[in-house]
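First residue of the sequence shown? That's 1 in the working numbering, and the numbers climb one at a time after it.
Treat the hints with care, since some could be wrong.
As the list claims (entries may be wrong) - In the SDA-like style, the derived pairs of lysine to any residue whose C-alpha atoms are separated by at most 20 Å in a straight line are:
{"id": "1", "residue 1": "K769", "residue 2": "R268"}
{"id": "2", "residue 1": "K602", "residue 2": "E633"}
{"id": "3", "residue 1": "K320", "residue 2": "Y167"}
{"id": "4", "residue 1": "K320", "residue 2": "E163"}
{"id": "5", "residue 1": "K856", "residue 2": "V52"}
{"id": "6", "residue 1": "K77", "residue 2": "E119"}
{"id": "7", "residue 1": "K840", "residue 2": "Y851"}
{"id": "8", "residue 1": "K764", "residue 2": "R268"}
{"id": "9", "residue 1": "K530", "residue 2": "I542"}
{"id": "10", "residue 1": "K188", "residue 2": "G159"}
{"id": "11", "residue 1": "K656", "residue 2": "G614"}
{"id": "12", "residue 1": "K339", "residue 2": "M632"}
{"id": "13", "residue 1": "K188", "residue 2": "L330"}
{"id": "14", "residue 1": "K114", "residue 2": "P138"}
Hints were generated in silico from the structure; no laboratory data involved. None of the values given here were measured: they were computed from a predicted structure.
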Amino acid sequence: MKDTSPANSGGGFNISAVAIRRPVFTVMVTVALLVLGFMGFARLGSDLFPDVSFPAVVVTVPYPGAGPAEVEQLVSKPLEDSVVSINGIDRVRSFSREGSSMLFVMFNLGVDVKDAATEVRERISQVRYKLPAETKEPIVQRFDVSAAPVLTYTLRGSGSLSELRSYADDVLRPALEQVEGVAAVDVKGGAKREIRVELDRARVDALGLSPGQLVQRLRMENLNVPAGHYDEGTREISVRTLAEFTNVEQIRETIVANAADGSAVRLRDVATVTDGFEDQRVRVRVNGLEAVTFEVRKRSGENTVDVATAIKGRMAALEKAFPKGISSALIIDQARIIKSQVDQVEHDIVFGAAMAVLVILVFMLDMRSTLISAVALPTSVVATFFFMYVFGYTLNMMTLLALSLAIGLLIDDAVVVRENIFKHMEAGKPPRQAALDGTKEVALSVLATTLTIVAVFMPIAFVQGLVGQFFRQFGITISVAVVISLFVAFTLDPMLSSRFSKDLHDKTDRFAWLKAPFEWAHRQMELTYKSLLHWSLRNKLIVGALAIGSLFFMGFIAKLTGQEFVNSEDRGQYVLEAELPAGTSLDETARLTASVETEILKHPDFTTVFAVIGDGDQVNKVKWRVVAVPKMERSAKLAELKEIGRNAVASLPSAKISVTDPPFVEGASTEAPIMINVRGVEFTDIERVANQIEKILKSTQGVGDIQVKYSPGRPELSVTVDRQRAADRGLTASEVALALRAAVEGEEAGKLRQPGQKDDVPIKVRLDKSYRGDQAALANVTIPTSRGPVKLTDVVNIARSDGPQVIERENRNRQITIWATPIGRPLGDVAAEFQPQIAKLPLAPGMSIFYDGQLKLMNENNSNMAIALGLGVIFIYIVLASQFESFIHPLTIMVTLPLALVGGIMGLFLTNNTLAMGALIGIVLLMGLVTKNAILLVDRAIVRVRDHGETPLQAILEAGPERLRPILMTSAAMVLGMWPTAVGNSEGSEFRAPMAIAVIGGVISSTLLSLIVVPVVYLTIENLKGFIGRLGGGKRRKARSAAEPDYAASAEPGDLSPVLTKSL
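All chains should be modelled from the sequences, with the hints used to inform the complete structure.
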């Protein structure tokens, strides 16, 4: 009669029978998978991390001449009110600076950023009329993190920086933007060309003119107006009036008025017109020298390495045509970092695979069995590339790490199947029958082990945020790979075993002498384990106490391990920032900070210090990108290099400094690990609380680089219009304000368009510096009226005051942000110290405190991972219960889950790693891996009870030693397959290694503990079931006693099972 029980039937056996019966078909299916895999691999791009989407829209509104308070009240608030009701918004943040408002509208993940940008643009257009007339047209842009800078070049030459800037703008930028995959080229440094019209106030006043009137006159003389068209026979002729300026001399000769004697007054008579450059608000230095740089950004979704290669090729061609004396140098190459890390992980995959195969050879001591099992590795990995291509993935750290950590796992199914086939061959069966029976016997356990791995990654659909975007590709890649390996184990391996296995009987083994020591070691391991198993079943309470004690010990170690969001990676770069006292000029900022680059470059491990001085209105700020030689070419650690930078800026007077890693996802904004946002209405209350938080952070051990991101000491000249006095002289407040702005800031009077020039040159009109260089000069600015010129001092009150450089708002509340960095201690440890103290601070009505940055991400990460782990455990139970048709046996198997955590946490602690995102992903993977051993044990015991009529005690005593070799073999293959990743010390290893360490530690502890704990739990549950059954009547017990063989009589010498039978 055919056995159709779940344990002995199933898809695995049926498909195996077909594969054995049709070998050509099986080979062709495998070849098809390999061909598709190679095609997919050839089309896969390379990136550091998955293409992360942060749906955000940025709105910029220039408001020339306006102070931060005016910008906040007149521009930022109306913009916030207009967009805040859009569906899907996470938060709205604005920055009001002198001369501009910048609004960041951040949406929830999953929102289509194109649709979001369209809706934001519509809302802004609806309130455009509410904004001051002096504001320029709002600029609405999508914030695209994946369009990150790929390469940064510096341009050098014997000419001026402005000439280099012009060459970069006019020649290099257009050429590079034509390269496939390039989104934009951002040029920094030097000064942009500008036609400067600087008015002589005395001459202008003498003619009864104003700067505004001169601007209007220039605009009227600089025209290109279509005049329509007419028909000339069969042709249509367009008519256009051309009156645009084409050179500077035409601007100088423009007639702007007539003198009293009727003679023409030209612009050169009342102003100095020069072809010059705009006022610099930003400067760039490379290794201490002022320079021009350009960053090349890739388009979203493009292959970073391919785009970088194409850019380098185009630059090589452009350099051949450089004018004499001009040269370029590559100073930051993100593609090199990506390629280096991808190459290293690929090396780890190959090396790990070789070690896993070696383990199988050592245990199986048969070359054919080893080769048959090893076929699963290349087949599974290569075929996975095809599915990665279909899903739109790239060769990034997460997908390659998935394959790297799964190397030992991918060979497991094939090893278990082949080992069981080999066992049947040792029992005397021919290869074909052994392949059929051996595969059939382990089909359930192999299927269950694979499905548990898939099940543990099902919850990734519920993981949100940055963690979810990273984790999703990792989990799906592993799931696809193990499903393919399962298919190979049920098809190709049985077919090869049936065709290429040699008959084990009556054959002389030429290598018996070489195998003898290994066979002796295998026998000793089996005998040792038998003794240990007997002891553990005799001392169940001691085993249980040890298991529970190990869990308590794990909890204690977990507290000492510490938590972070991500481990600090050594990419050979870091970001150094300094903010000098408010009011420090650009020239003074540049002078004071020049020594920083010199100090840093004294150390031989640094190659480039790229400084950007000034940040729009904040000319007292400097940001350095510090680049060191690759990690493998230096002895100093990144933490030591950071300390060099920190010491270099420490001497700056009253500077606020910070040292941070580059953004975790290149292209995102730089943020500190600790960011605390204090929100409220009045800045006096917000500043008071912010200062109290600063004191708390300073008193917390291991917290440094503390910055309160608020600078109220910016000197300001407040000009208050006296409305009555102004009205008496026929002036409005608007006319006064516009006249003052035209004098100081100046006003654009059009563009100069010249043939052969890519960009138009702005024409800027304002008073000469001698008439606007101090408070006294400004007081004498005159405003023309119908009654004659009026001095500014006649209608205004002028006073000096201090104001904030930037007014930051979030969710329509003013906000001050405090930055800080953990130094020498994990983020979670320092947060646990200062958060309770901050929670006790008294807050005024309407105030609140929020945590941001990596601290917020860490908390979200922990929450999401807890959900993923919980759901993963539930799905594992569902899979096991379905496979075993039992509610009880899955609990026996799942006892391995907490046991695995013991080794995972201990491994992290001993290697001085923290519970960061990489380690937590490894622990989730661990939950799917460690059930394999228990499944092999419990499944075999169940089969022996059901099919051979053994008692649970007999069954587990036989199943343990019988499954010892495959358990140790698969566990060793997993450990050694991940070993290269765990011990790697290349760039990016700080992120990769904790994953592998957590898995290796968990596999080791789970293997060692489950070999004794699982049998104890299994037997305890079976005994409990028997006890419950006896309470219902004795018939079942009598029937079982009659059928039970004389176990004591059949026991081998030294076998303790008879004693155990009586005691249990």
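We went through each hint and held it up to the structure:
1. A hinted pair counts as satisfied when its Cα atoms are at most 20 Å apart, and K769 with R268 qualifies at roughly 17 Å.
2. A hinted pair counts as satisfied when its Cα atoms are at most 20 Å apart, and K602 with E633 qualifies at roughly 17 Å.
3. For the proposed pair K320 and Y167, the alpha carbon gap of about 15 Å is at most 20 Å, so the pair holds.
4. For the proposed pair K320 and E163, the alpha carbon gap of about 19 Å is at most 20 Å, so the pair holds.
5. A distance of roughly 18 Å separates the Cα atoms of K856 and V52; the hinted pair therefore holds under the 20 Å criterion.
6. Of the pairs offered as hints, the one joining K77 and E119 holds, with about 18 Å between alpha carbons and a cut-off of 20 Å not exceeded.
7. About 15 Å separates the Cα atoms of K840 and Y851, which keeps this hinted pair within 20 Å; it holds.
8. A distance of roughly 14 Å separates the Cα atoms of K764 and R268; the hinted pair therefore holds under the 20 Å criterion.
9. Of the supplied pair hints, the one linking K530 and I542 holds, its CA atoms being roughly 18 Å apart against a limit of 20 Å.
10. Taken as a hint, the K188 and G159 pair is honoured in the structure, with Cα atoms around 16 Å apart against an allowance of 20 Å.
11. With a C-alpha separation of about 15 Å, the suggested pair K656 and G614 falls inside the 20 Å cut-off, and the hint holds.
12. For the suggested pair K339 and M632, the alpha carbons sit about 14 Å apart, so the restraint of at most 20 Å is met.
13. Between K188 and L330 the CA atoms are separated by roughly 15 Å; this keeps the pair inside 20 Å, and the hint holds.
14. Annotation: proposed proximity of K114 to P138 holds, straight-line Cα distance about 17 Å (limit 20 Å).
Violated hints are absent here; each numbered hint is respected by the structure.
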